[in-house]
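> Sequence:
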Amino acid sequence: ADWKKISGTLQNDILKEYIAQKEWIYPIQPAMKLVIDTFEFCTQHVPRYNPISVSGYHIREAGATAIQELAFTLRDGLEYVEWGLKAGMDVDDFVPRISFFFNAHNDFFEEVAKYRAARRIWAREMRDRFGSTNERTLKLRFHTQTAGVSLTVQQPLNNIVRVAIQALAGVFGGTQSLHTDAYDEALALPTDRAALIALRTQQIIAEETGVANTVDPLGGSYFVEALTNKMEQGALDYFRKIDSMGGMVAAIEEGFPQREIQDSAYHYQKAVERGDQVIVGVNKYQMEENSSIPILEIDESVRAHQIERLDQARTKRDSGAVSNALEKLRGVAQKEENTMPATIEAIRAYATLGEICSALRDVYGVYEEPAF
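Mapping the sequence shown onto this note's numbering, position 291 (from 1) lands on 291, and the numbers just tick up by one.
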């Protein structure tokens, strides 16, 4: 009951003791072990490398709301931090190199508020939940990509406007890097022309508008501040539910976030079909004929060429060294050792990504989505 009244350092000590009493140590879920192995290896050997980008992009693309994207992405990040502590790492040694990856969707102010809330929540959780006072640990660094799911096949040139507005929201929200989708990506991989327009969209925002010259330019706006608070409280409500389940891994095993996203996707699609959610060119302002634009067509010979290159690499490599490296990786995966050195050794022997995954699959098995 008095948890918030005690110091962050003491909270951290209590958490570690609780973890020890619960015997939350290796062996852990295979996916989490591989993540923590990466954290440990990078902290020791490549400390300036970002070992993970915690992604909410795919969550939003699957139909999540802005609040769900915010909550599940950040709670994923907190889960990684918790598992890192369970493995004996110090929060300030690895958390500063964790980065995030968010979606930029159509509701401009909601997206700005989402990013602002994300930075606020992360800083507070690092301080209050894990006891860090390190400025770099408290900072949330994130990449933003405009919403692929918002691109329409109908009137595809409208997507140029959508992408520009979404990109602007990311900038107003404080993103460190940005990806702008091409207008034809609902139809195919982008043509050079479409990709260039996407690039020029970023450059116009950066070089002509002046919006990058001010930190948090919408801060202080009553509407934006109120919306930021709403986003934050919505995310914290999800945190409480997930914490009560035992964390994000347990929640995923129960199918909780999957159900929430599925329900949101269903309600959004119904709103589009009813016309309550307007999509210009799709359910309003339709045209008799869609504009015809050139799309990129991939020559099938590319596939044959890549297969040929792979076959050549397999012929030239030392098959015995590959077999030995993969067997060593299997052995390491069965123990509590870090899998990264053995993985790198297998790569140096020219084992393929598929062969490395198969070796780990032999030990860890295959994840199966829970029935719900």
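Hints are supplied without guarantee of correctness; some may be wrong.
To be verified - Here are the computed distance ranges between Cβ atoms for each label pair:
1) 62 / 273: 57 to 63 Å
2) 335 / 139: 33 to 39 Å
3) 284 / 336: 39 to 45 Å
4) 245 / 273: 41 to 47 Å
5) 212 / 335: 46 to 52 Å
6) 128 / 336: 47 to 53 Å
7) 165 / 364: 25 to 31 Å
8) 107 / 313: 45 to 51 Å
What the hints assert, rightly or not - With a straight-line cut-off of 25 Å between C-alpha atoms, the simulated SDA-like cross-links for lysine to any residue are:
9) 86 / 341
10) 139 / 276
11) 33 / 284
12) 335 / 139
13) 86 / 148
14) 335 / 42
15) 139 / 196
16) 270 / 147
17) 86 / 270
18) 241 / 161
19) 241 / 165
20) 230 / 259
21) 335 / 46
22) 139 / 89
23) 284 / 139
24) 33 / 288
25) 241 / 222
26) 230 / 265
Bear in mind the hints are in silico, worked out from the structure with no lab data behind them. For glycine and all other residues, C-beta sits at the position ideal for the given N, C-alpha and C.
> With reference to the structure, classify each hint as holding or not holding.
Each hint, compared with the structure:
For residue 62 and residue 273, the Cβ-Cβ distance of about 18 Å falls outside the hinted range of 57 to 63 Å, so the restraint is violated. Distance hint for residue 335 and residue 139: a CB-CB separation of about 35 Å, consistent with the stated range 33 to 39 Å. A C-beta distance of roughly 58 Å is found between residue 284 and residue 336, which places it outside the suggested range of 39 to 45 Å. With their beta carbons about 33 Å apart, residue 245 and residue 273 fall outside the hinted range of 41 to 47 Å.
At roughly 49 Å, the beta-carbon separation of residue 212 and residue 335 lies within the given 46 to 52 Å, and the hint holds. Between residue 128 and residue 336 the beta carbon distance is about 31 Å. The supplied range of 47 to 53 Å is therefore violated. Under the hint 25 to 31 Å, the C-beta atoms of residue 165 and residue 364, about 43 Å apart, miss the expected range. At about 47 Å, the CB distance of residue 107 to residue 313 agrees with the hint of 45 to 51 Å.
A hinted pair counts as satisfied when its Cα atoms are at most 25 Å apart, and residue 86 with residue 341 qualifies at roughly 21 Å. Between the alpha carbons of residue 139 and residue 276 the distance comes to roughly 38 Å, so the proposed pair goes past 25 Å and is violated. Distance hint between residue 33 and residue 284 is unfulfilled; the C-alpha atoms sit about 49 Å from each other, more than 25 Å. Proposed proximity of residue 335 and residue 139 is contradicted: the alpha carbons are some 34 Å apart, above 25 Å.
With a C-alpha separation of about 36 Å, the suggested pair residue 86 and residue 148 falls outside the 25 Å cut-off, and the hint is violated. Taking the CA atoms of residue 335 and residue 42, the gap is about 20 Å. The hint holds against a cut of 25 Å. Taking the CA atoms of residue 139 and residue 196, the gap is about 32 Å. The hint is violated against a cut of 25 Å. Under the criterion of a C-alpha separation no larger than 25 Å, the hint pairing residue 270 with residue 147 is consistent with the structure, at around 19 Å.
Our distance criterion of 25 Å between C-alpha atoms is broken by residue 86 and residue 270, whose separation comes to about 43 Å. Restraint check for residue 241 and residue 161: not satisfied, since their Cα atoms lie roughly 38 Å apart, outside the 25 Å limit. Simply put, residue 241 and residue 165 have alpha-carbon atoms about 33 Å apart, too far for the 25 Å limit, and the pair is violated. Simply put, residue 230 and residue 259 have alpha-carbon atoms about 22 Å apart, close enough for the 25 Å limit, and the pair holds.
A C-alpha spacing of about 23 Å is found between residue 335 and residue 46, which places the hinted pair at or below 25 Å, so the restraint holds. Of the supplied pair hints, the one linking residue 139 and residue 89 holds, its CA atoms being roughly 19 Å apart against a limit of 25 Å. With a CA separation close to 42 Å, the supplied pair residue 284 and residue 139 exceeds the 25 Å bound. A distance of roughly 54 Å separates the Cα atoms of residue 33 and residue 288; the hinted pair therefore is violated under the 25 Å criterion.
The hinted pair formed by residue 241 and residue 222 fails the criterion: a straight-line CA distance of about 29 Å is larger than 25 Å. Distance restraint check for residue 230 and residue 265: the Cα-Cα separation of roughly 21 Å lies within the 25 Å cut-off, and the hinted pair is therefore satisfied.
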